[in-house]
Amino acid sequence: MSAHIVPVKTYAAIFIALLVLTALTTAVAFVDLGPLNTVVALTIAVIKMLLVILFFMHVKYSSGLTRIVIIAGFFFLAILVSLTLADEFTRGWTPNPGAWSMIAPFLRDLF
Amino acid sequence: MAEMAAHGAHPEGFAHQFEDMEQQREADSLGMWVFLVTEIMFFGGLFATYIIYRSLYLPSFEIGSRLLNVKFGAANTAVLIGSSLTMALAIHAAQAGKKKSEQVMYLVLTMILGAAFLFLKFNFEWRADYAEHLIPGFGFIIRPEWGGAGSHVPMFFCFYFFMTGLHALHMIIGFGILSVLTVMASRGRFNSEYYAPLEVSGLYWHFVDIVWIFLFPLLYLIGGRYVMGGH
Numbered sequence: 001m002s003a004h005i006v007p008v009k010t011y012a013a014i015f016i017a018l019l020v021l022t023a024l025t026t027a028v029a030f031v032d033l034g035p036l037n038t039v040v041a042l043t044i045a046v047i048k049m050l051l052v053i054l055f056f057m058h059v060k061y062s063s064g065l066t067r068i069v070i071i072a073g074f075f076f077l078a079i080l081v082s083l084t085l086a087d088e089f090t091r092g093w094t095p096n097p098g099a100w101s102m103i104a105p106f107l108r109d110l111f
Numbered sequence: 001m002a003e004m005a006a007h008g009a010h011p012e013g014f015a016h017q018f019e020d021m022e023q024q025r026e027a028d029s030l031g032m033w034v035f036l037v038t039e040i041m042f043f044g045g046l047f048a049t050y051i052i053y054r055s056l057y058l059p060s061f062e063i064g065s066r067l068l069n070v071k072f073g074a075a076n077t078a079v080l081i082g083s084s085l086t087m088a089l090a091i092h093a094a095q096a097g098k099k100k101s102e103q104v105m106y107l108v109l110t111m112i113l114g115a116a117f118l119f120l121k122f123n124f125e126w127r128a129d130y131a132e133h134l135i136p137g138f139g140f141i142i143r144p145e146w147g148g149a150g151s152h153v154p155m156f157f158c159f160y161f162f163m164t165g166l167h168a169l170h171m172i173i174g175f176g177i178l179s180v181l182t183v184m185a186s187r188g189r190f191n192s193e194y195y196a197p198l199e200v201s202g203l204y205w206h207f208v209d210i211v212w213i214f215l216f217p218l219l220y221l222i223g224g225r226y227v228m229g230g231h
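Each protein sequence line maps, in turn, to chains A and B.
If you read the first sequence in the working numbering, its first letter stands for residue 1, the second for the next number, and so on.
If you read the second sequence in the working numbering, its first letter stands for residue 1, the second for the next number, and so on.
Keep in mind that the hints are not guaranteed to be accurate.
Dumping the calculated PhoX-like pairs for lysine-lysine here, alpha-carbon to alpha-carbon at most 25 Å [claimed, not checked]:
hint: 1; chain 1: B; residue 1: K71; chain 2: B; residue 2: K121
hint: 2; chain 1: B; residue 1: K99; chain 2: A; residue 2: K9
hint: 3; chain 1: B; residue 1: K98; chain 2: A; residue 2: K9
hint: 4; chain 1: B; residue 1: K71; chain 2: A; residue 2: K9
hint: 5; chain 1: A; residue 1: K9; chain 2: A; residue 2: K60
hint: 6; chain 1: B; residue 1: K98; chain 2: A; residue 2: K60
Honestly, the hints are just simulated from the structure, not real lab data.
Note that the coordinates shown come from a computational prediction; the quantities given were computed from them, not determined experimentally.
Work out the full structure: start from the sequences and follow the hints.
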């Protein structure tokens, strides 16, 4: 029992799909869709990423353990991004502290 | 596979702590994926910061984005996708028990495409940026036509050079890995049972490709390019 061998035909099809999606995302950038431009660009990027991960990186044929590790990785990335953004965009009510020298005047000589 | 685990009967490259080659292959790619998860977090911090500052200084980031050359960006995306294909084919050649010359050919093609990416990036894009005074710290000039948004255009270019620079560094490291693989392949070290170095290096190479798949739209495409037409 050896590893699953992906046929060359599949690799070629994925390659062509990735090139078509690249051309598509570039073309769409020149059309004014308002906020949808960002949504379309990132959706196409996610589709391209999934094609690369599933076929070029053989995850479609990998074990459940490997998949759990990958999904956990993206889950932690989601925590990193969403909590950082949540903090940043709800901070308006917190007064912005001044420079160190204003908080502690005796530090002024040091800086 | 039981007979394969018996001493003396195991294939080349088989480590004794594993039950069989199947289990060894799974451990190899699992370990590589654990490393790639740390890489996802490594680039993720940069992406999160980019999202925040882009939303804070959107007009400046859009001006900066439109100053990038989308033709080189798109061409480089295609080049990198091509290098991912040749990398996958190099692994396929080993898996399918093809001659070592075929593995070497695909590895060399991958290196050529990787070098082409770096050549386009450094020799055309970055050099033009330098000539146009768009590199912060190297004579950056804020142009009057940018108006009030001009003061934060250098920030976009800091992100641009850090993100593409870090990506380029990964490509250069990948280039080094590929050179070692080429030597190993030319010595006939890989066969249909044992090709772990090819497989895990391929995972790394494809990961670097995925980083670019996101950098391309984030840096080049979503800056309201339709405002100015073609570049």
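Against the structure, the hints:
Our distance criterion of 25 Å between C-alpha atoms is met by B/K71 and B/K121, whose separation comes to about 11 Å. For a cut-off of 25 Å, the pair hint linking B/K99 to A/K9 stands: about 19 Å separates their Cα positions. Of the pairs offered as hints, the one joining B/K98 and A/K9 holds, with about 16 Å between alpha carbons and a cut-off of 25 Å not exceeded. Only pairs whose Cα atoms come within 25 Å are accepted, and B/K71 paired with A/K9 is rejected, the gap being roughly 29 Å.
For the proposed pair A/K9 and A/K60, the alpha carbon gap of about 16 Å is at most 25 Å, so the pair holds. A threshold of 25 Å between alpha carbons decides the hint, and for B/K98 with A/K60 the separation of about 23 Å falls inside it, so the pair holds.
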